[in-house]
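2 protein chains.
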Amino acid sequence: MSEVKAYGAQASDANLKELNIERRQITADDVQIEIEYCGVCHSDIHQVRNDWKNSKYPVVPGHEIIGRVTQVGKNVSNFKEGDLVGVGCMVDSCQECDSCKEDLEQFCEKGATLTYNSKDKHLGGHTFGGYSEQIVVDKEFVLSIPENIDAKATAPLLCAGITTYSPLRHWNVKKGDKVGVIGLGGLGHMGVKFASALGAHVVMITTSPSKSEDAKKLGADEVLVSKNEEDMKKQAGSFDFLLNTVPVGHDMNPYIALLKRDATMVLVGAIEPLDPVHGGGLIGGRKRIAGSVIGGIKETQEMLDFCGENNIVSDIEMIDIHNINEAFDRVVKSDVKYRFVIDMKSLKNKN
Amino acid sequence: MSEVKAYGAQASDANLKELNIERRQITADDVQIEIEYCGVCHSDIHQVRNDWKNSKYPVVPGHEIIGRVTQVGKNVSNFKEGDLVGVGCMVDSCQECDSCKEDLEQFCEKGATLTYNSKDKHLGGHTFGGYSEQIVVDKEFVLSIPENIDAKATAPLLCAGITTYSPLRHWNVKKGDKVGVIGLGGLGHMGVKFASALGAHVVMITTSPSKSEDAKKLGADEVLVSKNEEDMKKQAGSFDFLLNTVPVGHDMNPYIALLKRDATMVLVGAIEPLDPVHGGGLIGGRKRIAGSVIGGIKETQEMLDFCGENNIVSDIEMIDIHNINEAFDRVVKSDVKYRFVIDMKSLKNKN
Chain A
1 MSEVKAYGAQ ASDANLKELN IERRQITADD VQIEIEYCGV CHSDIHQVRN DWKNSKYPVV
61 PGHEIIGRVT QVGKNVSNFK EGDLVGVGCM VDSCQECDSC KEDLEQFCEK GATLTYNSKD
121 KHLGGHTFGG YSEQIVVDKE FVLSIPENID AKATAPLLCA GITTYSPLRH WNVKKGDKVG
181 VIGLGGLGHM GVKFASALGA HVVMITTSPS KSEDAKKLGA DEVLVSKNEE DMKKQAGSFD
241 FLLNTVPVGH DMNPYIALLK RDATMVLVGA IEPLDPVHGG GLIGGRKRIA GSVIGGIKET
301 QEMLDFCGEN NIVSDIEMID IHNINEAFDR VVKSDVKYRF VIDMKSLKNK N
Chain B
352 MSEVKAYGAQ ASDANLKELN IERRQITADD VQIEIEYCGV CHSDIHQVRN DWKNSKYPVV
412 PGHEIIGRVT QVGKNVSNFK EGDLVGVGCM VDSCQECDSC KEDLEQFCEK GATLTYNSKD
472 KHLGGHTFGG YSEQIVVDKE FVLSIPENID AKATAPLLCA GITTYSPLRH WNVKKGDKVG
532 VIGLGGLGHM GVKFASALGA HVVMITTSPS KSEDAKKLGA DEVLVSKNEE DMKKQAGSFD
592 FLLNTVPVGH DMNPYIALLK RDATMVLVGA IEPLDPVHGG GLIGGRKRIA GSVIGGIKET
652 QEMLDFCGEN NIVSDIEMID IHNINEAFDR VVKSDVKYRF VIDMKSLKNK N
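Protein sequences appear in the order of chains A and B.
Per my numbering, the very first residue in the first sequence carries number 1; after that it's consecutive.
Per my numbering, the very first residue in the second sequence carries number 352; after that it's consecutive.
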């Protein structure tokens with residue numbers, strides 16, 4: 001346990017007592033959830049390690065939460081004890097601003113309350129995430145999980161899933177479109193699955209030829225190795241949409257060259273300074289670069305229902321909470337296919 | 352004359368003879384134009400000075416051409432001798448590809464024939480522009496100039512005008528939108544006039560407080576000095592659209608912060624590597640950066656008609672061709688309000 005505590009914490013009852021952290025009590029509008037599974041997102045690591053210089057300790061990360069309802073407040077009518085539910089990156093927002101009214105809580109003008117490391121309206125202090133036994137969440141931020149798909153493999157849908165589904169839908173990717181997914185990791189592998197399910201001709205664009213076979217299994221129609229200049233040239237100006245999941249700044253000019261006139265490349269990974277883009281590459285085809293972040297609650301539910309209907313889940317590797325530090329290190333090295341999910345029962349085991 | 356010849360040429364008949372350049376003869380589909388005025392675009396200077404390393408000498412620049420029809424080919428029915436006409440940045444395109452069929456000849460998939468320094472389909476060699484006594488142009492690339500506005504001040508509409516009008520229209524700027532025009536030069540001053548005529552609330556965004564008075568005369572409702580961090584902060588997240596006319600790479604992050612969620616900043620000036628953009632600034636509001644270049648012939652005619660109806664012309668300073676080198680130097684120093692136009696009669700004078 002000492003290593004974990006060095007940068008973060010998981011919230012077993014014993015831990016909480018030791019850290020003098022109070023559990024949030026359920027209110028009339030809340031749903032109490034016993035957490036069964038929690039996905040491991042790269043941003044968990046950034047927060048635990050304070051890479052973004054805004055972490056508040058103790059950090060209890062986790063925003064890909066799957067569990068069963070154990071109790072509901074008296075105003076809650078859409079969930080009942082025993083329901084399989086999920087909680088993603090947000091647990092609250094102002095619910096009054098234009099963005100919230102348009103079901104885009106991720107852009108709440110007062111700032112959405114993130115699932116962890118965000119100001120807690122109820123208890124003060126900051127919120128604690130899903131590496132925990134339970135969580136209490138406002139009913140408007142609880143999602144219904146289809147029972148017909150593998151519950152543990154739905155966890156990553158709450159972040160990696162909606163992060164890739166939302167831009168594909170917002171930019172209206174449709175049957176027959178040629179869509180490139182750049183980068184095959186947690187986000188990229190969901191991007192390929194969704195774009196394929198939407199009927200697009202999906203090209204996995206990667207620096208690693210070794211990923212070809214996997215990409216095709218996930219649903220890619222083609223694999224384009226970005227280091228192969230000849231192949232990149234052949235596909236120049238042919239893409240209707242590019243989903244760029246690369247988590248760090250990188251040379252985007254070769255990708256911009258792949259776009260058709262008026263087409264867009266959406267960034268969902270890199271929240272840091274990007275390498276210089278050549279203005280001529282955008283101007284010469286009225287091309288666009290945009291950003292996108294998760295999705296609103298309504299769209300997240302739509303995505304989950306879409307996954308139920310199309311039998312889409314994440315490819316996962318299950319771990320116990322005791323292996324979290326090793327898992328973090330492996331995520332940083334991109335050594336996971338394609339998402340770790342913690343079995344939260346392991347939190348109750350002796351460690 | 353020696354200085355001009357050092358990097359370019361103007362095409363008087365005497366010059367042409369000396370340089371052994373043949374004039375293009377009129378075909379059945381062509382319009383012959385006696386040039387009266389030609390605007391001086393910054394790209395004329397780039398080409399003449401070979402800044403882009405693709406100039407072909409002798410360069411006869413000029414793509415903001417106004418003149419009178421002197422002769423038409425037998426297939427030409429929409430123009431007749433004496434008509435006031437214009438020629439902009441293109442004189443031909445394949446007229447068969449998807450872009451051409453969509454009236455977007457500037458994105459012709461085979462490459463539009465630019466007015467100068469572009470491969471000449473008729474004579475071989477390269478095309479020669481408007482710093483000349485006359486020009487012969489395919490009828491599809493000749494524009495009709497409204498007679499009710501000052502002819503010499505319409506010249507810059509053919510490049511600076513359409514470059515700013517096209518993105519404002521394409522991104523559907525409308526009455527009540529809050530539009531920022533970044534940079535007050537040849538392009539920016541037209542951007543302010545058009546955005547204002549379209550009914551937008553126009554904010555001139557400039558580094559120079561000294562430009563405030565001028566910006567307001569041109570139609571800006573407000574001036575925002577981008578160096579004033581406090582003022583920039585106050586206007587964060589409030590713009591529906593930004594037209595960025597800055598001709599060189601620059602820090603765009605403060606401007607991205609000005610955009611509303613889902614809003615776009617369009618670049619029309621900088622065709623060179625841009626400074627690094629922070630991915631978080633785009634992702635945090637699903638914001639967009641795009642490029643745009645001139646406009647198609649149909650849209651250019653629409654813009655000219657709009658100018659006729661709304662009494663819009665460029666603010667110009669007239670020069671003789673003999674002062675062109677001085678004018679070039681002044682353009683480079685941004686010492687012009689806001690566009691030089693050459694009186695082409697001066698080409699016939701002794702020099």
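These aren't lab readings, by the way, just hints derived from the structure by calculation.
We treat Cβ as the ideally placed atom computed from N, Cα and C, and that holds for glycine.
Misleading hints may appear alongside valid ones.
[Said to hold, decoys possible] For each label pair, taking beta carbons as the anchor points, the in silico distance ranges come out as:
1) A:D120 <-> B:D656: 52 to 62 Å
2) A:S208 <-> B:N604: 25 to 35 Å
3) B:N523 <-> A:P209: 52 to 62 Å
**Asked** Does the hinted range 52 to 62 Å hold for N523 of chain B and P209 of chain A at CB?
**Response** About 43 Å separates the Cβ atoms of N523 of chain B and P209 of chain A, which means 52 to 62 Å is violated.
**Prompt:** Between S208 of chain A and N604 of chain B, is the Cβ distance one that fits in 25 to 35 Å?
**Reply:** Given about 31 Å between the Cβ atoms, the range holds.
**Consistency of beta-carbon spacing, D656 of chain B to D120 of chain A, with hint 52 to 62 Å** = 59 Å, holds
The structure fails to meet hint 3 from the earlier list, while all remaining hints are met.
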